[in-house]
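S.K.: Spelled out, the chains give:
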Amino acid sequence: MAGGSDPTIELFERAVAQHSRRLLAIARAIVGNRAAPEDVVQQAVTNLFQHRHRYDWREPGGLLKRAVVNEALRLLRHARMQVVGDEHPDRDQTPLASMMENETVARVREAISRLPDHFRAALVLCEYENLSYAEIAATLNASVPQVKTWIFRARRQIERMLRDYVEKNKLGAPRGA
Amino acid sequence: MSLSDHELELLDRYLDGDLSEAELVGLEARLKSDVTMSSELSRLREWRAVRVEAFASLEPGELESQRLQWYVRGALQQHRQAARPVLGRATVWMRGLTRVAAVLVLGFAVGYIYRGGVAGPGAVTEATSGATVAGSPARRGLDLTADGPPLLVPDSRHIAGIGAGSITPVAVPLGQPPAFEVTLTDASGKLITRQRFATLAEAQQFANDFHRLRQKQLQLRSGGVRLIGDDF
Numbered sequence: 001m002a003g004g005s006d007p008t009i010e011l012f013e014r015a016v017a018q019h020s021r022r023l024l025a026i027a028r029a030i031v032g033n034r035a036a037p038e039d040v041v042q043q044a045v046t047n048l049f050q051h052r053h054r055y056d057w058r059e060p061g062g063l064l065k066r067a068v069v070n071e072a073l074r075l076l077r078h079a080r081m082q083v084v085g086d087e088h089p090d091r092d093q094t095p096l097a098s099m100m101e102n103e104t105v106a107r108v109r110e111a112i113s114r115l116p117d118h119f120r121a122a123l124v125l126c127e128y129e130n131l132s133y134a135e136i137a138a139t140l141n142a143s144v145p146q147v148k149t150w151i152f153r154a155r156r157q158i159e160r161m162l163r164d165y166v167e168k169n170k171l172g173a174p175r176g177a
Numbered sequence: 001m002s003l004s005d006h007e008l009e010l011l012d013r014y015l016d017g018d019l020s021e022a023e024l025v026g027l028e029a030r031l032k033s034d035v036t037m038s039s040e041l042s043r044l045r046e047w048r049a050v051r052v053e054a055f056a057s058l059e060p061g062e063l064e065s066q067r068l069q070w071y072v073r074g075a076l077q078q079h080r081q082a083a084r085p086v087l088g089r090a091t092v093w094m095r096g097l098t099r100v101a102a103v104l105v106l107g108f109a110v111g112y113i114y115r116g117g118v119a120g121p122g123a124v125t126e127a128t129s130g131a132t133v134a135g136s137p138a139r140r141g142l143d144l145t146a147d148g149p150p151l152l153v154p155d156s157r158h159i160a161g162i163g164a165g166s167i168t169p170v171a172v173p174l175g176q177p178p179a180f181e182v183t184l185t186d187a188s189g190k191l192i193t194r195q196r197f198a199t200l201a202e203a204q205q206f207a208n209d210f211h212r213l214r215q216k217q218l219q220l221r222s223g224g225v226r227l228i229g230d231d232f
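Quick mapping for you: the protein sequence lines, in order, are chains E and W. When we follow my numbering, the leftmost residue of the first sequence carries the number 1, and every step to the right adds one. When we follow my numbering, the leftmost residue of the second sequence carries the number 1, and every step to the right adds one.
Everything labelled a hint here was simulated from the structure, so no lab data went into it. Heads up, the beta-carbon is just placed ideally off N, CA and C, and yes, glycines get one too. All clues given are correct.
Listed next, the stretches of chain E that the computed footprint assigns to chain W, with coverage defined by at least 3 CB atoms under 8 Å from CB atoms of chain W:
{"id": "1", "stretch": "23-30"}
{"id": "2", "stretch": "46-59"}
{"id": "3", "stretch": "125-135"}
Computed footprint of chain W on chain E; a stretch qualifies when at least three of its residues, placed anywhere within it, have a C-beta under 8 Å from a C-beta of chain W:
{"id": "4", "stretch": "10-20"}
{"id": "5", "stretch": "33-42"}
{"id": "6", "stretch": "108-116"}
{"id": "7", "stretch": "150-157"}
One chain only, chain E, in its complex shape:
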């Protein structure tokens, strides 16, 4: 493969430009503030670029998203080994961002960030990316029943974490209340 005009590079760059916003959102949702999401995306994209000839670039969105999810989870596994007790990070927000953001959304986001990594990744892929359970299972190297369990538990944990807030603000009757 001589350098010059490699059509894969062009396809690759176009795909990154097209999906960059969603990739960054996925990375953010999974790593929270435990790592820079830009670094996650950058690393994932570079890894993919190194092996670009192995993949079919006609539908690059799925490939890129899968790479970002895996890189984010890899980074979190690595970080956990180094940073003990970093299980409940708080999002540091600028005052302006806090003012502008809907409080409920902010609380939900905070609750999501406290979920176990795989729960969070599965939930993002399910609700934000609208992937099927089978696709999520393939992305996360897990079985479909495992993915269903993760998503189910993630939803219930978020509800439990926000039960007080919901009751106080009458946002919706929590289960069993």
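On the provided structure of chain E, position chain W as indicated by the hints.
M.R.: Then chain W, alone, in the frame of chain E:
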């Protein structure tokens, strides 16, 4: 009355679009008659909408997106540049080594001939003589197939001026194009080189070039210049 985990899972799967046709029909019928179930579905739907909004709120703005693309482009560029010099370096090294090897081989060959004391000017002029049958002593120095059909093997002859050099027609099966082999040996009979050519003219050219090289080396040496091959 609260719902069981199984019922909640069913509602989750309904919202995720994972129910089979039969499950879907069953659930929709139940939703019409079961108020608890339908209000729970509304609640789950609401929560889901908030979560999707939370995820969407993580999307970067245009500026951030541009910055990310810039980062990625930079990383890819770096990656490509990092790959390029490795190849470039390898090529330069390979070229250098090839040149050194070529000079050494040439010097060695010239020096070897010179030390062999092959004397006298002159050039290769002819190379053929009568033919004998395969298996005769004329086969010495030639690479022939041992069990082939009878081959025509013309005898070799020493070439004037080069001492132990000869051009020998190579034995080839009948009907095949001819080949000629130049064999150069030093004064003690040690083989210096053996090259095969398709035509007699090419073989002569090679032998003449070799001879000229040897003469050049003689001249250089008489002028006090030492060649690499002299030390071998």
